[in-house]
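Each number in our numbering comes from the position in the sequence shown (counting from 1) with 1 added on.
Just so you know, the hints here were simulated from the structure itself, not pulled from any lab data. On a predicted model such as this, the values are computed, not experimentally measured, just so you know. Note that CB positions come from ideal geometry on N, CA and C, so glycine has one too. A couple of the hints might just be wrong.
[What the hints assert, rightly or not] Here are the computed lysine-lysine pairs in the DSSO-like style, where the Cα-Cα straight-line distance is at most 30 angstroms:
hint : residue 1 : residue 2
1    : Lys89     : Lys137
2    : Lys137    : Lys63
3    : Lys98     : Lys137
4    : Lys187    : Lys36
5    : Lys63     : Lys98
6    : Lys98     : Lys219
7    : Lys219    : Lys187
8    : Lys219    : Lys36
9    : Lys36     : Lys98
10   : Lys219    : Lys63
11   : Lys137    : Lys187
12   : Lys89     : Lys63
13   : Lys89     : Lys187
14   : Lys63     : Lys269
15   : Lys63     : Lys36
[As the list claims (entries may be wrong)] Here are the simulated distance ranges between beta carbons:
hint : residue 1 : residue 2 : range
16   : Pro251    : Asp141    : 42 to 48 angstroms
17   : His231    : Asn252    : 33 to 39 angstroms
18   : Arg163    : Phe49     : 35 to 41 angstroms
19   : Pro251    : Phe150    : 30 to 36 angstroms
20   : Ser160    : Phe49     : 21 to 27 angstroms
21   : Asn252    : Gln202    : 43 to 49 angstroms
22   : Pro251    : Ala54     : 30 to 36 angstroms
23   : Arg139    : Tyr198    : 28 to 34 angstroms
24   : Phe52     : Gln267    : 21 to 27 angstroms
25   : Arg254    : Trp48     : 27 to 33 angstroms
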Amino acid sequence: MRKLVVIVYFFLLSCFAVTAHGQEEQEVWIDSMHKTVSESVLDTAQWFDNFFANKNVQEDQKALGEVRLRLGWIPRSRELEEIEARLKVRVKLPNLKNRVDLILTDSDDDQEDKIRSSRRSQFNRDDSFNVALRYKARPDSGLSHRIGFGRRFQYYARSRYRDGFTLTDSLEMRYDASIYYYNRDKFGATLSFTFDYDFSQELLLRYHNRFDYRDRSKDWIWQHSWQGLHQFDDTSAVIYGFYIEGISQPNYRLEEYLVSAKLRKQTKRNWLFYEIEPFVLWRRDEHFSASYGIALRLEGYFGER
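With the hints as extra help, turn the sequences into a complete structure.
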């Protein structure tokens, strides 16, 4: 499976390299592929939404669906075969008054977006697949409820509340609290809060915290990160980051920390991005010996949100 992902990754990378030097006025095959996949995503979303259609009510809105696909290769010292493949599908259902979304993803969307190889394999497996229906009383409500399957195909239910407020003209705070139940992992809860400071028009400073309690292991995981998001223009930005993670059992201790600088750039097509992220990683199970690596990613968006 890893070899297949690597082949697909470099195939897409080579396709981008070829088309980036082609004629912009002429539609090439990669544009036709994107159009075909996007139309298929929207047709599938509409087909699913029609199950909830009321024949006595005319609904003017069309169902929307978006697919986000990310492929990456993350070689580092002591681990050259780390592959990242992420898929996220979201479908909005107007026949349910846009209060219910269908979500399918192969990663926990609560997790801080950092180098995958920095996460311990246990938690990678726990959050590897998720399919659920999310309900909101109002489309703009901060309170949402979700039922579905995840974490080795357990059925689960979760309630979450998100909100934020402005502290000053330059400082904003956002927070997120949730409680959930999995049929084998039992109860759990998460709490996170983030501070964003507009240092300048081009630079945003971010301080993020997350605490995750799991009843199965009777402990909690803590994560903190400090980031600087520097935007060069509308198509490119760099994110400097320092991340730490630890656990509370058998004692309160640091498990890993990571330093990275991620360049994210939009290609000549507004649905295709690439990232280059050199990093240094220290992990407890590697005796906190520095591991040097680089993450190379392609990310594509299909459909319409």
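Verification of the hints:
Using a Cα cut-off of 30 angstroms, the hinted pair Lys89 and Lys137 holds, with the two alpha carbons roughly 20 angstroms apart. The hinted pair formed by Lys137 and Lys63 meets the criterion: a straight-line CA distance of about 19 angstroms does not exceed 30 angstroms. A C-alpha spacing of about 10 angstroms is found between Lys98 and Lys137, which places the hinted pair at or below 30 angstroms, so the restraint holds. For the given pair, Lys187 sits about 43 angstroms from Lys36 by alpha-carbon distance, which is inconsistent with the 30 angstroms threshold.
With a CA separation close to 11 angstroms, the supplied pair Lys63 and Lys98 stays within the 30 angstroms bound. Under the criterion of a C-alpha separation no larger than 30 angstroms, the hint pairing Lys98 with Lys219 is inconsistent with the structure, at around 40 angstroms. Between the alpha carbons of Lys219 and Lys187 the distance comes to roughly 11 angstroms, so the proposed pair stays at or under 30 angstroms and holds. For the hint linking Lys219 to Lys36, the alpha-carbon distance of about 48 angstroms lies beyond 30 angstroms, and the restraint is violated.
Between Lys36 and Lys98 the alpha-carbon distance is near 27 angstroms, which keeps this suggested pair within the 30 angstroms criterion. Under the criterion of a C-alpha separation no larger than 30 angstroms, the hint pairing Lys219 with Lys63 is inconsistent with the structure, at around 45 angstroms. Under the criterion of a C-alpha separation no larger than 30 angstroms, the hint pairing Lys137 with Lys187 is consistent with the structure, at around 24 angstroms. Straight-line distance between C-alpha atoms of Lys89 and Lys63 comes to about 20 angstroms, which keeps the hinted pair within the 30 angstroms bound.
For the hint pairing Lys89 with Lys187, the CA-to-CA distance comes to about 25 angstroms; that is within 30 angstroms, so the pair holds. For the proposed pair Lys63 and Lys269, the alpha carbon gap of about 28 angstroms is at most 30 angstroms, so the pair holds. As the CA atoms of Lys63 and Lys36 are separated by approximately 18 angstroms, the hinted pair is consistent with the 30 angstroms bound. About 44 angstroms separates the C-beta atoms of Pro251 and Asp141, a value consistent with the hinted range of 42 to 48 angstroms.
Distance hint for His231 and Asn252: a CB-CB separation of about 38 angstroms, consistent with the stated range 33 to 39 angstroms. At about 25 angstroms, the beta-carbon gap between Arg163 and Phe49 misses the expected band of 35 to 41 angstroms. Taken as a hint, the range 30 to 36 angstroms holds for the pair Pro251 and Phe150, whose Cβ atoms sit roughly 31 angstroms apart. For Ser160 and Phe49, the hinted distance range of 21 to 27 angstroms is satisfied, since their beta carbons lie about 24 angstroms from each other.
A beta carbon spacing of about 45 angstroms between Asn252 and Gln202 agrees with the range 43 to 49 angstroms that was offered as a hint. Between Pro251 and Ala54, the C-beta spacing of about 55 angstroms breaks the proposed range 30 to 36 angstroms. Checked against the hint of 28 to 34 angstroms, the C-beta distance between Arg139 and Tyr198 comes to roughly 30 angstroms, which is consistent with it. Separated by about 36 angstroms at the C-beta atoms, Phe52 and Gln267 break the suggested range of 21 to 27 angstroms.
With their beta carbons about 50 angstroms apart, Arg254 and Trp48 fall outside the hinted range of 27 to 33 angstroms.
The structure fails hints 4, 6, 8, 10, 18, 22, 24 and 25 (numbered hints given earlier, in ascending order).
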